[in-house]
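Participant: Here is how the chains run, residue by residue.
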Amino acid sequence: MANFYRDNDDIQFLFRHTEPGKLAAVCEDGFKFANEFDYAPADADEAIQNYDMVLDSLGQLSGDFIAPRAEDVDRQGNTLNEDGSVTYAKGIAESLEKLAKAEVMGLILPYRFGGLNFPNLIYSMATEIVSRADASLMNIFGLQGIAETINAFASEEIKQKYLYDFAAGKVTGAMVLTEPDAGSDLQAVKLRAFTDDDGNWFLHGVKRFITNGCGEVLLVLARSEPDRAGGLGLSLFVCDRGPTVHIRRLEDKLGIHGSPTCEIFFDNTPCELIGERQRGLVTYVMALMNGARIGIASQSLGIAEAAYRIARDYAASRKQFAVAIEKLPAVRDMLIDMKIAIEASRALLYETSRVVDIELGYAKRLESNPPEDKAEARQLKNESRKHKRYASMLTPMSKYYCSEMCNSITYDSMQVLGGSGYMRDYACERHSRDARITTIYEGTSQLQVVAAVRSVCSGTAEKFIAELAGQQFDPKVKDLLEKLAEGTERLKSSIAFCKEAGTDYMDLYGRALVDIAIDLINGFLFCAQASSKVDMEVAVAEDGQPNNGHTVPMKERKAVIARRYITKNTPKITALAEMIRTGDRSTFTDYQALVGPVPAE
Amino acid sequence: MAYNCAVLIKQVPDTKRVTGQAMNDDGTVNRSALPAIFNPEDLNALELALQIKDKFGGKVTVLTMGLPAAAEILRDSLFRGADETILITDRRCAASDTLATSYILSCAVKKIIDYDIVLCGRQAIDGDTAQVGPQLAEKLGITQITYIEELIDLSDKSITVRRNIGNGFQQVKSALPVLLTVTGEANEPRVAAAKKMMKYKNARTPIEVEQKIKAENPNADEADIKELIEHKYSELEEKGLLIKQCDLDFIGADLNWCGRSGSPTKVHRIQSVVLAAKESKDVEPNEKAISDMIHELIEDKTIA
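The listed protein sequences correspond, in order, to chains A and U.
Just so you know, we're using our numbering here: the first sequence kicks off at 1 and counts up by one.
Just so you know, we're using our numbering here: the second sequence kicks off at 1 and counts up by one.
Isolated chain A, as found in the complex (with noise of 0.2 Å):
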């Protein structure tokens, strides 16, 4: 009987300190669903009761029924058939068929098409509980962005069209963007989209890539105006699979065996156009990236999470020199590390998610129930585009930070096991095969931090900054604060340093920006989670008595995480910004000399 919500103190203390009510209070916009809608809640408790219920019947169904499968769904994979079908391993067909029962298959979607309504921070949660069970299930549960930019951007006649069974679990769905020349490169999609005389548009071309392109529903980025090149030239459609459409290959991958990556070949399909003409990749692709890659840094924290445990647990049972290994400075400073990333990671993550519910519920507000007066009108405009410039930072960041946390941590995780976790017998090897793509896939690191970086130059993120540290805080983190205020200084020196030094400049040194940045977001973070409101007693081991039943409260032990991940980062974010201001080019002036030559055949 496992449950990874209720197992997880970290989860639940953040459910709580994130305050979902007031996140429950704009997503249902004043609760006036519940009129309308028998399960549509009717004030913030009643909310904040439903996420919870259905986070613990989640967090059931992944700890009972989907973890146990995954390690089958790994060795058995997906199969391509003759006749061009593919089936699913049977972990991942059995665990659908649960999850639709379980009616989360449309957890962001609006009540009128049998959606929950959730927060997208609920759903951040939700994805992580699964990715835990099995991180390639997340890539089929994980695409629920999919509808969602339907119901965001389509019109009513496809959304009634599809959105219902998406809510029910009755189709999957895939982002059809990618193919053999235009990976991270979008704008290089050549797959054609043309018209017939009575203006019905058709596909035709190859996509390679497609995280279950075996799916029901396809949305497929397209060139729809064949002269133009570039971004502007892409719409975006939507079509089913039908005799048209051909899965040429399964891929044979590293990891995710049971999330089928196709390559797809489209002979003159029919298609529907979502939205406008030209504005497939720059707003509609753009948006549902946004929600993928929130996605991705869910999946990362639930695959960390997992390869956690498993480290955890073997270093207090396995004994090297007579002793548990846990009591080798070594082994534990790589425990506490692996830890503290990982709760370090879950913030931001979860901030992210909370910022993009209040920028997505505000911009929903403004369009469909506008405030009569005009001053509060202008001041929700304003909060809207406030946290749609922080969303824009903190999204990339996130993806970036969590996916290459989770590498880390899987690594190390075979580290503690040493040659146990090496071999298929323990679920380490596993998760560090999974986790390697996260940080490739919906943007590479080094795109998001491109991404990222742009806005950490630009004043946002000195913005946010300035905004978390105006909060109430414990004055047991006053001496952490005046740390990070230092912090925060040598972050604006570095930023003036790169732009007086040039845009390229900047790129360069992006990585080493970002990183100052989100440390010292993670360590506002940690400290507000330190002076919580919420409290809540957790479990602390004790030596060799793992469940000894002795707790304390959560935001003590949160000033403990603050205080070493605080006083460790601020020599790193010395020498990041020492880094910066060395002025270093070498990477444009000396590549040649540096690399050598291309190795010869």
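Watch out, some of these pointers could steer you wrong.
Which residues of chain U face chain A? A partial, calculated answer using Cβ under 7 Å [stated by the list, open to error]:
#: 1; residue: VAL191
#: 2; residue: ALA192
#: 3; residue: ALA194
#: 4; residue: MET197
Source of the hints: derived by calculation from the structure; they are not laboratory data.
Glycine included, C-beta positions come from ideal geometry on N, C-alpha and C.
Use these hints to put chain U onto chain A, whose structure you have.
Facilitator: Here is chain U on its own, set in the frame of chain A:
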């Protein structure tokens, strides 16, 4: 063809979480020290009924006899997909053994539920008797098939199932109506469904409404209380959130057959087994040592 299923469930102490306070000094179960849960194999019975409904249509009615707190597992049944739930609660049910319990349940099922199939868990984890299902079938005068592992076929008023017979299995076909007792191997119960939870978390039994209103209005006079209660009943009823509740009078039970007077079971002796010794043994990793260990475990009946 649709089939109506009646599922009989029980709220039990969670005997898997036995702690130091789980037993009273006299060897009886200290129910207050253990969390109350949905009897695990009753969840398998409910799941089988829901699968029948998913595939063939029909209605799933869930019934339990118990304390007012048993409303908890009725709500859980609604969360998973039950159409209607009924609580039989009455002080005069107290101390009922399996005979009295099956008598009370038979009265309730006859009186209230229109069924094709009655499903029970194989046994409850508190008493482990596995008697109530079979006794109920006798009292309803219908065929019983116990220890169900799989539903093989259901059509035209007949049902085919596989049942566990200890050293193998048996495939059995029966006419309907029929009573099935279902084992944990039959299926993996679905979890609570989101929208059903969001709705039915507010479902209440009349006794819960009454208790809450009385607690909230300690000084109000009786007439006002009555009005508040009536008002709440109709509010819940309108939303489909009032759980049906019956007493022994309503189901027409003969009181001589209920509770203590209807329960011939006498407890002969209760033994409180305290495991005092704890020892470990190192076994060399070779064929002989492992073979010896297996034989030793078979001899002392640790493994069969």
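Participant: Now look at each hint and say whether the structure bears it out.
Facilitator: Hints and how they fare:
no.	hint	result
1	VAL191	5 Å, holds
2	ALA192	4 Å, holds
3	ALA194	4 Å, holds
4	MET197	5 Å, holds
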